[in-house]
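If you read the protein sequences in the order shown, they are chains A and L. Numbering-wise, the working numbering puts 60 at position 60 of the first sequence, and it's gapless, one number per residue. Count along the second sequence from 1, then add 1000; that gives the number in the working numbering.
Honestly, the hints are just simulated from the structure, not real lab data. Be a bit skeptical, because a hint or two may be false.
[Said to hold, decoys possible] Here are the computed lysine-lysine pairs in the BS3-like style, where the Cα-Cα straight-line distance is at most 25 Å:
#, chain 1, residue 1, chain 2, residue 2
1, L, Lys1057, L, Lys1069
2, A, Lys9, L, Lys1059
3, L, Lys1069, L, Lys1108
4, A, Lys14, L, Lys1108
5, L, Lys1042, A, Lys44
6, L, Lys1058, L, Lys1108
7, L, Lys1108, A, Lys44
8, L, Lys1042, L, Lys1098
9, L, Lys1042, A, Lys95
10, L, Lys1098, L, Lys1078
11, A, Lys44, L, Lys1078
12, L, Lys1059, L, Lys1078
13, L, Lys1108, L, Lys1098
14, A, Lys57, A, Lys95
15, A, Lys57, A, Lys44
16, L, Lys1057, L, Lys1108
17, L, Lys1098, L, Lys1069
18, L, Lys1108, L, Lys1042
19, L, Lys1098, A, Lys57
20, A, Lys95, L, Lys1058
21, A, Lys44, A, Lys9
22, A, Lys9, A, Lys57
23, L, Lys1078, L, Lys1042
24, A, Lys44, A, Lys14
25, L, Lys1069, L, Lys1042
26, L, Lys1042, L, Lys1058
27, L, Lys1057, L, Lys1042
28, A, Lys44, A, Lys95
29, A, Lys95, L, Lys1078
30, L, Lys1108, A, Lys95
If you want the building blocks of each chain, they are given just below.
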Amino acid sequence: NAGVTQTPKFRILKIGQSMTLQCTQDMNHNYMYWYRQDPGMGLKLIYYSVGAGITDKGEVPNGYNVSRSTTEDFPLRLELAAPSQTSVYFCASRKDYNEQFFGPGTRLTVL
Amino acid sequence: ILNVEQSPQSLHVQEGDSTNFTCSFPSSNFYALHWYRWETAKSPEALFVMTLNGDEKKKGRISATLNTKEGYSYLYIKGSQPEDSATYLCASPLGTYKYIFGTGTRLKVLA
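Could you build all of it, start to finish, from the sequences and the hints given here?
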């Protein structure tokens, strides 16, 4: 049981490039989330999903897209990377009303 | 209140001291409050899920209380140790699916 896994751990992008951050959970959790951590700002919700095929925007969705084709996977797509997207990205999942389980994070730098 | 607020923002205590910090959350339509422990360079890990007014949860030297009527929760650490150094986050549901995280209390325990 690996929990929530994220790849890559680190990435440097040039302005305008695109990439996909991968997130997989093996706990059969229905809810999945993408957060970004900005210094002094805590965790901000980018997108979330309540089940396969259902996604919705969080607080800061601009510049990102998601999909949820399976229960296990919830990739986050960055199109046209900008310096403002430099951050640490966390994926999380939960079952019903229980606590969230977080992945190890992806540190992204956009230069 | 519509935000989750935590105080203090940061705290330095000596090893062996007991300490506590506060999370204030929207009290209307309450159904759960989560506490997380977040060590530097790691991902948040759940400490407690609190659901009932007057609830008290304990895990070793760490305990938490909940007042849903006035919208606050306290986290207590008894006999702080250097390994307790971390950021402590609380999170309150926003609707059924999303959570609002506070910005955290950063605790440093000095040996």
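**Request:** For the pair we were handed, Lys1069 (chain L) and Lys1108 (chain L), check the Cα-Cα distance against 25 Å.
**Result:** Roughly 31 Å between the alpha carbons, so the hint for Lys1069 (chain L) and Lys1108 (chain L) is violated.
**Prompt:** Has the given pair, Lys1057 (chain L) with Lys1069 (chain L), been kept, meaning a C-alpha gap of at most 25 Å?
**Reply:** With a Cα-Cα distance of about 18 Å, the restraint between Lys1057 (chain L) and Lys1069 (chain L) holds, given a limit of 25 Å.
**Asked** CA of Lys14 (chain A) to CA of Lys1108 (chain L), is that 25 Å or under?
**Response** Cα-Cα ~36 Å, so violated.
**Asked** Does the alpha-carbon distance linking Lys1058 (chain L) and Lys1108 (chain L) stay inside the 25 Å limit?
**Response** 21 Å, holds
**Request:** Would you check the hint for Lys1059 (chain L) and Lys1078 (chain L), treating anything up to 25 Å between C-alpha atoms as holding?
**Result:** Holds - the C-alpha atoms of Lys1078 (chain L) and Lys1059 (chain L) are around 11 Å apart, at most 25 Å.
**Asked** Is Lys1108 (chain L) within 25 Å of Lys95 (chain A), Cα to Cα?
**Response** Violated, because 32 Å separates the two Cα atoms, which is more than 25 Å.
**Asked** Between Lys1098 (chain L) and Lys57 (chain A), is the straight-line Cα distance small enough, at 25 Å or below?
**Response** Measuring from Cα to Cα gives roughly 10 Å; hence the hint holds.
**Request:** For the pair supplied as a hint, Lys1108 (chain L) and Lys1098 (chain L), confirm whether the alpha-carbon distance does not exceed 25 Å.
**Result:** Violated - the C-alpha atoms of Lys1098 (chain L) and Lys1108 (chain L) are around 30 Å apart, more than 25 Å.
**Pair hint outcome, Lys44 (chain A) versus Lys9 (chain A) [Cα-Cα no greater than 25 Å]** = 19 Å, holds
**Asked** When you check the alpha-carbon spacing of Lys1069 (chain L) and Lys1042 (chain L), does it fall within 25 Å?
**Response** At roughly 34 Å apart (the allowed maximum being 25 Å), Lys1042 (chain L) and Lys1069 (chain L) break the hint.
**Prompt:** Is the straight-line distance between the alpha-carbon of Lys1057 (chain L) and that of Lys1108 (chain L) 25 Å or less?
**Reply:** Measuring from Cα to Cα gives roughly 23 Å; hence the hint holds.
**Request:** Starting from Lys1098 (chain L), check that the Cα of Lys1069 (chain L) is at most 25 Å away, please.
**Result:** Between Lys1098 (chain L) and Lys1069 (chain L) the Cα gap is close to 21 Å, so the pair holds against 25 Å.
The structure fails to meet hints 2, 3, 4, 10, 11, 13, 25, 29 and 30 from the earlier list, while all remaining hints are met.
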